[in-house]
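Read top to bottom, the protein sequences are chains A and B.
Just so you know, we're using the working numbering here: the first sequence kicks off at 5 and counts up by one.
Just so you know, we're using the working numbering here: the second sequence kicks off at 5 and counts up by one.
Some clues are possibly wrong.
Stated by the list, open to error - No farther apart than 25 Å at their CA atoms in a straight line, the calculated lysine to any residue pairs in the SDA-like style are these:
| # | chain 1 | residue 1 | chain 2 | residue 2 |
| --- | --- | --- | --- | --- |
| 1 | A | 52 | B | 30 |
| 2 | B | 179 | A | 144 |
| 3 | A | 179 | B | 30 |
| 4 | B | 142 | A | 144 |
Derived by calculation from the structure, the hints in this document are not laboratory data.
Protein chains: 2
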Amino acid sequence: MRPTKRDELVQQALQAFYRNGFQATGMDMLAAETGISKTSMYKHFRTKEDLILAVLRLRDEHFRNWLYRRMEELAETPRQQLIAMFDALEEWFAEPGYRGCMFIKASSEYQDANHPIHKQSAEHKRMLEIHITDLARKAGLRDADALARQLLLLKEGAMVTAHLGHTANPAQDAKAAAIQLIEAHRQ
Amino acid sequence: MRPTKRDELVQQALQAFYRNGFQATGMDMLAAETGISKTSMYKHFRTKEDLILAVLRLRDEHFRNWLYRRMEELAETPRQQLIAMFDALEEWFAEPGYRGCMFIKASSEYQDANHPIHKQSAEHKRMLEIHITDLARKAGLRDADALARQLLLLKEGAMVTAHLGHTANPAQDAKAAAIQLIEAHRQ
DNA sequence: CTCTATGTTTACCGATCGGTACACTTTGCA
DNA sequence: TGCAAAGTGTACCGATCGGTAAACATAGAG
Numbered sequence: 005m006r007p008t009k010r011d012e013l014v015q016q017a018l019q020a021f022y023r024n025g026f027q028a029t030g031m032d033m034l035a036a037e038t039g040i041s042k043t044s045m046y047k048h049f050r051t052k053e054d055l056i057l058a059v060l061r062l063r064d065e066h067f068r069n070w071l072y073r074r075m076e077e078l079a080e081t082p083r084q085q086l087i088a089m090f091d092a093l094e095e096w097f098a099e100p101g102y103r104g105c106m107f108i109k110a111s112s113e114y115q116d117a118n119h120p121i122h123k124q125s126a127e128h129k130r131m132l133e134i135h136i137t138d139l140a141r142k143a144g145l146r147d148a149d150a151l152a153r154q155l156l157l158l159k160e161g162a163m164v165t166a167h168l169g170h171t172a173n174p175a176q177d178a179k180a181a182a183i184q185l186i187e188a189h190r191q
Numbered sequence: 005m006r007p008t009k010r011d012e013l014v015q016q017a018l019q020a021f022y023r024n025g026f027q028a029t030g031m032d033m034l035a036a037e038t039g040i041s042k043t044s045m046y047k048h049f050r051t052k053e054d055l056i057l058a059v060l061r062l063r064d065e066h067f068r069n070w071l072y073r074r075m076e077e078l079a080e081t082p083r084q085q086l087i088a089m090f091d092a093l094e095e096w097f098a099e100p101g102y103r104g105c106m107f108i109k110a111s112s113e114y115q116d117a118n119h120p121i122h123k124q125s126a127e128h129k130r131m132l133e134i135h136i137t138d139l140a141r142k143a144g145l146r147d148a149d150a151l152a153r154q155l156l157l158l159k160e161g162a163m164v165t166a167h168l169g170h171t172a173n174p175a176q177d178a179k180a181a182a183i184q185l186i187e188a189h190r191q
């Protein structure tokens, strides 16, 4: 299990796909941008779709790790961490290269619900839901499942709105809403 | 100003783009699907981008008209209409061909904030924001601007989540959250 | 020292991309 | 009746699409 080249390809492909979109990024462009020959790319991945799936797996791992860690760094109790999720998002939105959620993009370009790329994007969201539900439960909040789903709606909305950019600070809008929803779920 | 053919093209192109995505729908496929010759299409629209912009204009008009009217049909007072927005969304999500928000898709495929397609998508969201803010104000709710932004975050989140489909009924989750947020903004 | 895995370059495949040229047909109106 | 607008089919353009063939370079391990 050597790391290096293959992982390097996936990592650089992630950047390119995130910046340019999936369909708009051709394999030739990818080869030119990464400096890795097309032949080598197709030794590692049988199709472009396989490469995209690998990219999404990496993104899922990175994003969830980053978000969960950042939430823990920003707050101590589970309840405060739920709220801190939106501060973490705000940091992300403020990054220069922010272009929205990669999984929303992926499911926008591969719309069929049975398409592997679409299914994997949905799986990412499901993983997030499990974690946030668990956190809401640990916080001792009433109806943790429903609350988690509501908070995640705010998160999705904030990510989309931050990309569409017609609003100043969607993360803080979401945070204010989240605080009220959490308050309403105290028991 | 003859209607017919040009409008027919835009309407059918809307269906095709919504079903298949923008980049994935070629002009040849469009010609085959609509029965309108490529030559005619390029007589009406100088580029594919121009056609997409026309499609988005039509979609904006249709969607906003539909949503506003449905909200009024479903509820009487402005405050109830704000809540009814999510019942209207639920109806939309339940339609067989539902594939998420066309403007989110468009901004996902044309990511550059300065791209005309991206800008027009943002404009659609801004129009919605104005209307919902106005409604929140008519409902006599405190901090109508902030509340409207929060409700719209729920709406965006619900549309995305309904498309990703990892959750049973995002519209009703959003509605429950909206009710609590509105309640918190009574004065 | 050789074998094998991993990588490379270059050229190519058929299909499709957005867009155009050109000659022809239909149709509403004066 | 005749003319112009609007629409048609067909064939084409160079570029790019995802993917492949073949011959060659490099390097670590037995």
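How the hints compare with the structure:
no., hint, result
1, A:52 to B:30, "19 Å, holds"
2, B:179 to A:144, "23 Å, holds"
3, A:179 to B:30, "41 Å, violated"
4, B:142 to A:144, "37 Å, violated"
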